[in-house]
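Enquirer: Given next are the chains, with one letter for each unit.
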Amino acid sequence: MSETILDVKDLNVKYGAIHALKGVSFTVAKGEVVSLIGANGAGKTTTLRAISGMLPYAGSVSFRGESLKGVPAHDLIGRGICHSPEGRGVFPNLTVMENIELGAYTRKDRDGIAADIEHCFRLFPRLEERVKQAAGTLSGGEQQMLAMSRALMGRPRLLMLDEPSLGLAPLIVAQIFEIVKKINSEGTTVLLVEQNARMALKISHRAYVVETGKITLSGTGQDLLNDHRVIESYLGA
Amino acid sequence: MTDAAPSPQTRFRRSFLAPTATFAVLLALGGILDRTANGYTQLIFLFMFVNMILALSLNLVNGFTGQFSLGHAGFMAVGAYVSGYLSVLTMGVGARLMFLPQPFEFLNFPIFAVAGGLAAAAAGYLVGLPSLRLRGDYLAIVTLGFGEIIRVVLLNTKAVGGARGMPGVPAPGELVVGDYVFSPFFMNYLWAAFWLTTTFFVLWRLVRSTHGRGFQSVREDEIAAEAMGVNTTKMKVQAFVISSFFAGLAGAVFASATKYLNPSTFQFTKSVDAIIMVVLGGMGSLTGSVIAAIIVTMLPEFVLRPLQEYTGVDLRMVIYSLLLIIFMISRPQGIFGKAEVTDLFKRLTKARGKDGRTSA
Numbered sequence: 142m143s144e145t146i147l148d149v150k151d152l153n154v155k156y157g158a159i160h161a162l163k164g165v166s167f168t169v170a171k172g173e174v175v176s177l178i179g180a181n182g183a184g185k186t187t188t189l190r191a192i193s194g195m196l197p198y199a200g201s202v203s204f205r206g207e208s209l210k211g212v213p214a215h216d217l218i219g220r221g222i223c224h225s226p227e228g229r230g231v232f233p234n235l236t237v238m239e240n241i242e243l244g245a246y247t248r249k250d251r252d253g254i255a256a257d258i259e260h261c262f263r264l265f266p267r268l269e270e271r272v273k274q275a276a277g278t279l280s281g282g283e284q285q286m287l288a289m290s291r292a293l294m295g296r297p298r299l300l301m302l303d304e305p306s307l308g309l310a311p312l313i314v315a316q317i318f319e320i321v322k323k324i325n326s327e328g329t330t331v332l333l334v335e336q337n338a339r340m341a342l343k344i345s346h347r348a349y350v351v352e353t354g355k356i357t358l359s360g361t362g363q364d365l366l367n368d369h370r371v372i373e374s375y376l377g378a
Numbered sequence: 003m004t005d006a007a008p009s010p011q012t013r014f015r016r017s018f019l020a021p022t023a024t025f026a027v028l029l030a031l032g033g034i035l036d037r038t039a040n041g042y043t044q045l046i047f048l049f050m051f052v053n054m055i056l057a058l059s060l061n062l063v064n065g066f067t068g069q070f071s072l073g074h075a076g077f078m079a080v081g082a083y084v085s086g087y088l089s090v091l092t093m094g095v096g097a098r099l100m101f102l103p104q105p106f107e108f109l110n111f112p113i114f115a116v117a118g119g120l121a122a123a124a125a126g127y128l129v130g131l132p133s134l135r136l137r138g139d140y141l142a143i144v145t146l147g148f149g150e151i152i153r154v155v156l157l158n159t160k161a162v163g164g165a166r167g168m169p170g171v172p173a174p175g176e177l178v179v180g181d182y183v184f185s186p187f188f189m190n191y192l193w194a195a196f197w198l199t200t201t202f203f204v205l206w207r208l209v210r211s212t213h214g215r216g217f218q219s220v221r222e223d224e225i226a227a228e229a230m231g232v233n234t235t236k237m238k239v240q241a242f243v244i245s246s247f248f249a250g251l252a253g254a255v256f257a258s259a260t261k262y263l264n265p266s267t268f269q270f271t272k273s274v275d276a277i278i279m280v281v282l283g284g285m286g287s288l289t290g291s292v293i294a295a296i297i298v299t300m301l302p303e304f305v306l307r308p309l310q311e312y313t314g315v316d317l318r319m320v321i322y323s324l325l326l327i328i329f330m331i332s333r334p335q336g337i338f339g340k341a342e343v344t345d346l347f348k349r350l351t352k353a354r355g356k357d358g359r360t361s362a
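So the sequences go chain by chain: A and B. For the first sequence, the working numbering begins at 142 and goes up steadily by one. For the second sequence, the working numbering begins at 3 and goes up steadily by one.
If we strip away everything but chain B, and leave its shape as in the complex, we get (with noise of 0.2 Å):
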């Protein structure tokens, strides 16, 4: 318990490690689907990372606050249209403002994702407020509403399409080292790759920081929490600015990789499919919500549609409820429960060196 201090060193590589490792594995998957993989299968790893950045992001709300929020395609709305809006605007056809020129175009991307992050953080802030009177359904059904005013407030404003939808959203901008241009899908790639590892690696060490440590205690219970000096209200409302922030830039991949944004997209059910996403993985269980993320998008596409085509009747639908349904009624906490990946690794691991002790 009372290790010595890390030395600065060790202390950046044990935060920097992890995820620098992630992301380099990222990128050479992305490296060999660039190559290998056609359009539709390199947009639907796109999506898959859009999903996963959603529900780690949801995580938070509903996982480990204990909060429940409906709302959270509307969060992902104001991050895409935000990130495309200002990617039209700067990168679009015949655009005629220039926000950063090459070399650095590709940093466009990025910069708007966070402007789009930001700003669905700033309305998960405005929902967060009621969450400090509300609870229960009764916050889901504020945040329902919250989510679809959003929406509507999308199909009514001209300058971003309406309801006809804002076509033409960029690719992120060019990198371009030496003669070797990275094709657009690269580019999109590497940035939701970029986006889920900074994601993820930010949940992982917040939740488990005596600051993060706060969120759980808050869904545990909200007396003891204040007793111990956990201010619950803040906490719940910094829940929601996070995790909207996260949702945000969800949008922003999303935006970037559609090309095409329309608010029927970010309707109740896309809020849904996040939460299905995190239950099926497990509240507060953030490689759960990855994992389910990734079963979630994939199933339907590569397993059930080849199974559409082989037999010629389309039960996609019918069987993923069905799965989900047999899923849910025989484990109803998930995949991982409150548990990690790392933490199957870790009992796989002791279980080991008990069988080495035995034999012995």
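Extracted from the complex, chain A is given alone in its bound form (with noise of 0.2 Å):
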């Protein structure tokens, strides 16, 4: 495939005695939907939060053949990657638009960010008809719209959404993955957190399975789907 550009090699976090990761490897090609999938606890959005410089940790993450160690979580925007929260971590006290507008917090170009607010309500279409409102007044299914976004306003070449279903209605869960499906087809590499494992490999060029803070199995989405261990664990029967 094509190159890769998130290298994550033999990545450890430890929370004071706990070992939550223990040597996670996986790497995200240019273009590609990547997933982790796995249970509670097992690891993933403690991966997400390594990355992203909110965790110290061993190993090392590099991205487009540059290091990210020791880069704050801030800069990362700056150098193509913006991490959605998990639960969602809208700005529950500003507006809608407010908050869409943070997402372009580093950017200084008027009309580009216009454009992309512009794209965001083709997206969704809900948020532009509530601009004005709290975004703590949202459902939930758009404060996660709002989430994502507010994360492609800082036009990432790498999104990381952090459990996106956490949370909605089945109905919605799949409306937002048909969305990062189409986020994904405009060229933003995507990788994906969830537990919602069948929804997640659905949509995923690749997934990595996460036990316990290793990776146990990985695969194309297709073949996890297929593999018997993922279906008895996470699919069920």
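Take the hints with a grain of salt, since some may be wrong.
As the list claims (entries may be wrong) - Between beta-carbon pairs, the in silico distance windows are:
hint, chain 1, residue 1, chain 2, residue 2, range
1, B, A124, A, G253, 35 to 41 Å
2, A, Q336, B, K236, 50 to 56 Å
3, B, G167, A, G281, 54 to 60 Å
4, A, G219, B, T159, 56 to 62 Å
5, A, S203, B, A124, 39 to 45 Å
6, A, G253, B, G147, 56 to 62 Å
7, A, G206, B, D345, 46 to 52 Å
8, B, I34, A, A255, 43 to 49 Å
9, A, R220, B, L91, 51 to 57 Å
10, B, G167, A, G308, 56 to 62 Å
11, A, G253, B, S185, 54 to 60 Å
12, A, G277, B, S323, 56 to 62 Å
Said to hold, decoys possible - Stretch by stretch, here's where chain B covers chain A in the computed footprint (C-beta under 8 Å, at least three residues):
hint, segment
13, 209 to 217
14, 221 to 231
15, 237 to 243
16, 284 to 297
Read the hints as simulated data drawn from the structure, not as lab findings. Here a beta-carbon is modelled for each residue, glycine too, at the ideal position from N, C-alpha and C.
With the hints as a guide, bring both chains together as one complex.
Expert: Following this line, the structure appears as structure tokens:
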């Protein structure tokens, strides 16, 4: 496939005495959707946080050939990585528009920003209806749409989505994943962390299964969907 | 959204029209007070400006950035003492130094006030540093400690009078236009109004700018803010520095209004007063802070004091505290919450527009 843009090697993270990640390695190639799936507490979110520079870690993370070690979280967006954190993390007391504008915090090109806002509204027409509403008053699905729009405003090369389906109704989850697919087809590489394995695998080019801080399986989304171990553990009979 | 970029003239008008108009209205009020009000009333008005500036500045840290500072009196003290000391040195009784001669003497005070503000900002930087690691109650305790340290240092500094305080802080330099000499009160008032206008509009524009949104993103969700590229630690320190600068200005105005400084003025309770104003007005509402400062300054003096004189019982603080308690129970988000007075106007005009449509 095409070039690797994110290369994670032997990632180790400790929370005090708890060894949360025990040597996680994986790659993401340009244009892919890659999922990390696994149960609660397996270390998926920790992996994303380490990549984002929010946690100290051992091992190496490189993005487009440059090491990300020691790069503070707020500098990542300038390098082309945007992390949409778990639990959506919208700014509840700010309006939808203010949230979206904050996504473009580091950008100076007014015209480009305006065009991207339009683009977000095309992806999520619901948001346009609610531009002046406080983000905290949106439904869970709308908040997730907002979180994704906000992340897209940074024009990331790599979009890291943490648990976008969390706490959403199945219908909304399907919509969200459709849009992830669409975002990817427009050229953004996506690293997805999900508990909803079935949905994640369906839209992923490749996926890794994370179990108690280790990667135990990997393969294409389709392969894993048919893998008996995945079916037993994550997809149900 | 994609309006054509406004021409330089409109931009200039937009950014200066409102502040100039506000300043002019305030000056007109000052002119009236200068002629009609007694010294006591005049002083209360000056205190009101001090409180407004103080509350506005604190709102940036506590309201917009979501940090909790309990040491604002300390920053105010730094501004007050620096500006007061420079004034005594150059314009006090028997001053041997001269800063600006007439006809520019009136500019002494604003320059000293800025010096006081900068000194306070430096102190704010020091306090801002621990805020990188602390949050919530812990930060509040540290800022409280810093505020007290500043006060105790002043208390033990002989050069500024120590515990006896610093008497004889002169009024701002004289302004003479033709034959007319503006009264000391008016000069105090003029600069108080000037700094209030400056503080208000600088903060107003700051919190609405892209950069300023960063402050609010820190309050809302630090992890998400970082992911958006907001350097949250830098924003917190910046909030402290900017806020302390304006608190220092408030102190400078206070110094020349009271003519006497004493460290005990800048006790912890002064910081609490500022917090009361911010919370009462609404955390994150600048106009709310202004209105709360008016209420907090005026209510005890112009409503409760006459009441005391009438009834012969001093229940001012009891009533004041009760009102605060009742108010906070019934409206915990403050008078305006996060909205501004202008939002109310917008809502009113919108409602009227809708009515018009339905009746047509």
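Enquirer: Now tell me, hint by hint, if it's right for this structure.
Expert: Okay, the hints, checked on the actual structure:
About 39 Å separates the C-beta atoms of A124 of chain B and G253 of chain A, a value consistent with the hinted range of 35 to 41 Å. Separation of Q336 of chain A from K236 of chain B is about 35 Å and departs from the stated range, judged on CB atoms against 50 to 56 Å. Checking the proposed 54 to 60 Å range against G167 of chain B and G281 of chain A shows it holds: the Cβ atoms sit about 59 Å from each other. Take G219 of chain A and T159 of chain B: their Cβ atoms lie about 46 Å apart, and the range 56 to 62 Å is violated.
Taking the beta carbon of each, S203 of chain A and A124 of chain B are about 41 Å apart, inside 39 to 45 Å as hinted. Hint check: G253 of chain A to G147 of chain B, Cβ distance near 47 Å, so the stated range 56 to 62 Å is violated. Between G206 of chain A and D345 of chain B the beta carbons are some 49 Å apart, a value that agrees with the proposed interval 46 to 52 Å. Checked against the hint of 43 to 49 Å, the pair I34 of chain B and A255 of chain A passes, with Cβ atoms roughly 47 Å apart.
About 52 Å separates the C-beta atoms of R220 of chain A and L91 of chain B, a value consistent with the hinted range of 51 to 57 Å. The hinted range of 56 to 62 Å is satisfied by G167 of chain B and G308 of chain A, whose Cβ atoms lie roughly 60 Å apart. For the hinted restraint 54 to 60 Å between G253 of chain A and S185 of chain B, the CB-CB distance of approximately 56 Å keeps it satisfied. The hint said 56 to 62 Å for the Cβ distance between G277 of chain A and S323 of chain B, and at roughly 32 Å that hint is violated.
With 5 residues bearing a CB less than 8 Å from a CB of chain B, the segment 209 to 217 of chain A meets the requirement of three and the coverage assertion stands. Closer than 8 Å: that is the beta-carbon criterion, and the segment 221 to 231 of chain A has 6 residues meeting it against chain B, so the requirement of 3 holds. Counting residues of the segment 237 to 243 of chain A whose CB falls under 8 Å from any CB of chain B gives 3; the rule of at least 3 is met. Counting residues of the segment 284 to 297 of chain A whose C-beta sits closer than 8 Å to any C-beta of chain B gives 4, which meets the bar of three, so the coverage hint holds.
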